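The listed protein sequences derive, respectively, from chains Z and L.
Residue numbers for the first sequence follow this note's numbering, so the first one is 73 and each next one is one higher.
Residue numbers for the second sequence follow this note's numbering, so the first one is 200 and each next one is one higher.
Note that these hints are calculated values from the structure, not bench results.
Be careful, since some hints might not be right.
[Stated by the list, open to error] Keeping only pairs whose Cα atoms sit at most 25 Å apart, straight-line, the calculated BS3-like set for lysine-lysine is:
| no. | chain 1 | residue 1 | chain 2 | residue 2 |
| --- | --- | --- | --- | --- |
| 1 | L | LYS346 | L | LYS360 |
| 2 | L | LYS358 | Z | LYS622 |
| 3 | L | LYS207 | Z | LYS527 |
| 4 | Z | LYS572 | L | LYS360 |
| 5 | Z | LYS622 | L | LYS360 |
| 6 | Z | LYS508 | L | LYS207 |
| 7 | Z | LYS593 | L | LYS247 |
| 8 | Z | LYS551 | L | LYS207 |
Quick caveat: nothing in here was measured; it's all calculated off a predicted structure.
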Amino acid sequence: MQPTDIHDPDYFHKVVDCQWACPAHTPVPEYIRLIADGRYADAFMINWKSNVFPGILGRTCDRPCEPACRRGRVEDEPVAICRLKRVAADFKGDVSGLMPPPPTTRNGKKIALIGAGPASLTVARDLAPLGYHIVVYDGDTRAGGMIRSQIPKFRLPEEVIDEEVGYITALGPEMRLGQRVDSLKGILEEDYDAIFVGTGAPRGRDLPIPGRQEAAANIHIGIDWLSSVSFGHISKIGKRVIVLGGGNTAMDCCRSARRLGGDDVKVIVRSGFDEMKASPWEKEDAIGEDIPILNMLVPIAFIHEDGKLVGMTFDKVKAEYDARGRRNLVSTGEEPVFHGCDDVLVAVGQENAFPWIERDIGLTFDDRWDMPVVNETTFQSTHPKVFFGGDAAFGPKNIIWAVAQGHQAAISLHKFCQGEDVSVRPPPGVTVVSQKMGIHEWSYDNNVSLDLRFKVPHRDKFAALSDIKAEVELGFDIKLAFAEAQRCLNCDVQTVFDDKLCIECDACVDICPVDSISFTKNGDEADLRTRLSAPATDLTQAIYVSKDLKTGRVMAKDEDVCLHCGLCAERCPTGAWDMQRFLIDVAQAGKMGAESACCSK
Amino acid sequence: MTFIPKPKLHHPDLQKNALGYTRRDYEGPVSTLCAGCGHDSISAAIVKACFELDIEPHRVAKMSGIGCSSKTPTYFLGASHGFNSVHGRMPSVATGANLANKDLIYLGVSGDGDSASIGLGQFAHAMRRGVNMVYIVENNGVYGLTKGQFSATSDKGAKSKRGVINSDEAIDLVGLALQLGATFVARSFSGDKAQLVPLIEAALQHKGIAFIDCISPCVAFNNHEGSTKSFDYVREHNEALNSLDVISGRDEITVDYEPGTMEMVTQHDGSVLALRKLHTSYDVNDRVAALSYMQERAAAGEIVTGLLYVDPNPRDLHAHMDTVETPLNALGDDVLVPGARALERINAGLR
Chain Z
73 MQPTDIHDPD YFHKVVDCQW ACPAHTPVPE YIRLIADGRY ADAFMINWKS
123 NVFPGILGRT CDRPCEPACR RGRVEDEPVA ICRLKRVAAD FKGDVSGLMP
173 PPPTTRNGKK IALIGAGPAS LTVARDLAPL GYHIVVYDGD TRAGGMIRSQ
223 IPKFRLPEEV IDEEVGYITA LGPEMRLGQR VDSLKGILEE DYDAIFVGTG
273 APRGRDLPIP GRQEAAANIH IGIDWLSSVS FGHISKIGKR VIVLGGGNTA
323 MDCCRSARRL GGDDVKVIVR SGFDEMKASP WEKEDAIGED IPILNMLVPI
373 AFIHEDGKLV GMTFDKVKAE YDARGRRNLV STGEEPVFHG CDDVLVAVGQ
423 ENAFPWIERD IGLTFDDRWD MPVVNETTFQ STHPKVFFGG DAAFGPKNII
473 WAVAQGHQAA ISLHKFCQGE DVSVRPPPGV TVVSQKMGIH EWSYDNNVSL
523 DLRFKVPHRD KFAALSDIKA EVELGFDIKL AFAEAQRCLN CDVQTVFDDK
573 LCIECDACVD ICPVDSISFT KNGDEADLRT RLSAPATDLT QAIYVSKDLK
623 TGRVMAKDED VCLHCGLCAE RCPTGAWDMQ RFLIDVAQAG KMGAESACCS
673 K
Chain L
200 MTFIPKPKLH HPDLQKNALG YTRRDYEGPV STLCAGCGHD SISAAIVKAC
250 FELDIEPHRV AKMSGIGCSS KTPTYFLGAS HGFNSVHGRM PSVATGANLA
300 NKDLIYLGVS GDGDSASIGL GQFAHAMRRG VNMVYIVENN GVYGLTKGQF
350 SATSDKGAKS KRGVINSDEA IDLVGLALQL GATFVARSFS GDKAQLVPLI
400 EAALQHKGIA FIDCISPCVA FNNHEGSTKS FDYVREHNEA LNSLDVISGR
450 DEITVDYEPG TMEMVTQHDG SVLALRKLHT SYDVNDRVAA LSYMQERAAA
500 GEIVTGLLYV DPNPRDLHAH MDTVETPLNA LGDDVLVPGA RALERINAGL
550 R
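Okay, chain L solo, but in the shape it has when bound:
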């Protein structure tokens, strides 16, 4: 806990984005999480990504459930909308909100307990429906708020702070997301902002469900020897597939990498993902290959990070349902209420 607010004074050369905002304008109140929590780094990465993408704070809806991770939306984008839902129910609320107003940017923040335990069913359906949102799981493999029990993403064989060995199999959210049709799947690490910030930027620009599994060490209960979600363990076993630059329309595309190591992925909105491939044989557009590669490397004890899969032409919930262009909440009664005659006609059709 920090008891003083972060001073408003800032670096004299602090940059402004196209909207005239500084990075500091995208912050929220000071975090009440434990000092050193990985989640705070993810918040800082979100702040940086939204600043760099010139996102208007009032166009963002922050959605979360319950848990340390789900507290974090308070600590970033203080001028955005937010909804803190029931435990594990963030995907339903986000789906509903997205249905009603598809013009907002939906940023769901959840944790391994919220999404892999109580909310696993909710998680699955948000993925398969393709709700246009960014879905970040701040994954620390432990129930931090209740003092350190194993969570559903704890690896089998991992040791708790008390010395207990986990005997249950871990749920791999990346694997589930790939299987369930998510159109953007990535994994990252709170301790590597150079990788995380561009991934969040790319996810924010993706018109479909964009899932990021972000390993985020719990400094209080899961950062010890024997943990597989500690800073040291993740750094040691991290295998980055690629490094990403997000190029928005106004930047010039300059590539100075060796041929064959650079891949340009043009997204639906015209933005370009410049992928510097660290594993040249890996195809980021091949879902099936991604699935088997993930399992193969996990068996070898590696934590594969980076952009794992992206569909450059995603379809989202609204596309599936063929809704009108105008957000539903902006339609008037004259459009939404068909009237008595139409009702009679429908009823007649059912007789």
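Bound-form chain Z, shown alone:
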């Protein structure tokens, strides 16, 4: 193998698995150290800079970081990254002084943001401080988009939304709330220099099976129903409720129904339990609230008597896999199963809908999905002035994706308005700093905690179910937060090897608790991976290879399960190993209030 180029910003970034997995590349270990240090405001600002909604995401994020967490590879469970984010938000105190001030001068450019959800708000936050005249349109009277309309209050209290949306509106964008945009052509005819579409995926998929029309009064589309609940238009539901669908919306629907009078609420899903799209913890919470999840049942019909819904019939199916490994759900041939109910909530997916975009304005839609054609890097549509982001760009995903895409779209909008080439993307800023403080002393806590993952305290079930606005998760207190933060392995503190200093004494090999380090003859990667102290079978994890050493061998380190405990560097007599903190600052539009988000030590 060629010697590893550790100056490639991606190399060490990939070692920080959580940050690499986060669409917004939040510097997770950095803010977790700040939490352990009691510096909650600084931890919050690091999050705020990367993901804009720390308090909101700390409760609702889909957590792509957690399955990626290295801790999950050396013991049972990853660090509770998401819930630590919430800790930063809960204990930060007043951060208004750390926020970037609204611009004092305008740069003369005007940008329309359509939709006031997470994607648009991210664009607003990135561009407003640069002096852009930002105009945000939304049909609802309050900003937040799906964050406000679809996520139940028992998961995300209103105050948290108000606060974090408030930090953005305080930057001075012009908020035209209650103004639904019905024509993109109309907007294009106004004096905007660029337009960003962040209208989400607002349409819930229906289930056109027999009985749908006849029993319509008691059949509700999930996201519309959640939105009505959220805005207080609906406050009760029948005693027996069936929720159709296996995603997070279905989980929100069933748990909301439990709080609005549903005593017998069940979720019925076509697929198997493990294939459900809902996050495992959401399923767990639903089951914990006495909601059974019934799998492998495909709806046949809504059954109604005298125009009133009485239940549904389902076909029992089993999974069969074809030669190419694709799954088909095949009827078992058994009698249809009947489940009685008073109401049905249909949460079988969401769709994009762009009836308000004229098809003759030079903005191409693809034939297959009727979605706008959008560049995956620049988020520019085929109409150069129009950019997309969030669910509106590539279909339904999670908030954190909307934020990440908002940042990228903001860069493009900025470049476009400044007359630059949007396809040239700004590089990240990278700093790598030694953490050595003394002979065997580091500026991070390298003693690996052996604690198992701590559970977040929940509100008493009876109290939780009797009030739809009572938040279920209570969040870690400071003591629990510290203990959980200590489980983080500090993967951003990198093991950096200097081949010129190494005397090949084997001290690092002997001390490494996870057999990551080997000194061996070089070879091609497939061969080398089999000859290390422990075979390196995870091909997604890199092998760090040095130049040739004095004996003709190379140092080869499998990054896979390195604990970043620094013992290799402590036991190295010549300082050939050093622990260096790698901080990557993913580029954002212009200069942010980043200077206020200081680092941990």
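Chain L: place on chain Z using the hints.
Chain L in isolation, oriented as in the chain Z frame:
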């Protein structure tokens, strides 16, 4: 010094041996020796050898004297017995322990000061008596604990870290062991675990005195230009005689080397040492030839390593003394105390 314990977390695919232990179960607390000390590599090699041989930790007695080397038994086999004796007196204590309970595996760890200076006499007698034990000298040619004076194994002409040239002749422990009748004699290097681990395994299986002279660079006081026990010097002058595989009963013996280069030595307990000969003319069973070969190569400035001599049918102290099968410490008073009548008979015989 490292101030944190080695984390208990380990590689998810860490293997278990026949006893259900992982290699990590054979470790001890974290070493307090200088970072990079060769001795720590030897500890790691012992850990690996005991793991691979499925040795029950509680069947091992670690014996040592005084010095950096003699501290190391703390850092491996944390679940084994140990005795840290007076300076240079490890062989006596090991001999006594072995006499009392011959069922334990005795692993003596000593250094060049402990065995070649203050304990040279003790060393000699353990060799000639053939105490059934593994005797490892962690040889760095320097008094590290007292900051770098020449030890008795420092080569004549070697330069100290301060620039002083050693004028005394070195004691060659390998030569002494061969002369004094040791039945297993090897030399190795802490920086070459591929060679060292099988040697320790073979030594542990040898039923007699098994001596390993292991050159172990002192990174603090004897790893400089002019030293003859530095990593660079040893690597440059290392002449390996053979490379060893230890084959225990359950492994299939497969040999894929050229004819004449492979030699199988079946030991008393049925285990097989598969020797891949790097010097085809060398006979590992010839004590006299070994002695002269060692001296010849040493004069040529080479450090000969590998398995130097092995007697496939060794006799140990207990064989010499014809003791009973049962360890002495397991015999009851009825056997050990002959009684008044027997005493009278003995006394009568002496009158």
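These are the hints, each one checked on the structure:
1. L:LYS346 / L:LYS360: holds (10 Å)
2. L:LYS358 / Z:LYS622: holds (22 Å)
3. L:LYS207 / Z:LYS527: This hinted pair holds, its Cα atoms lying about 22 Å apart.
4. Z:LYS572 / L:LYS360: holds (22 Å)
5. Z:LYS622 / L:LYS360: holds (22 Å)
6. Z:LYS508 / L:LYS207: holds (23 Å)
7. Z:LYS593 / L:LYS247: holds (21 Å)
8. Z:LYS551 / L:LYS207: Given pair LYS551 (chain Z), LYS207 (chain L) holds - Cα atoms ~24 Å apart, limit 25 Å.
In summary, this structure violates none of the numbered hints.
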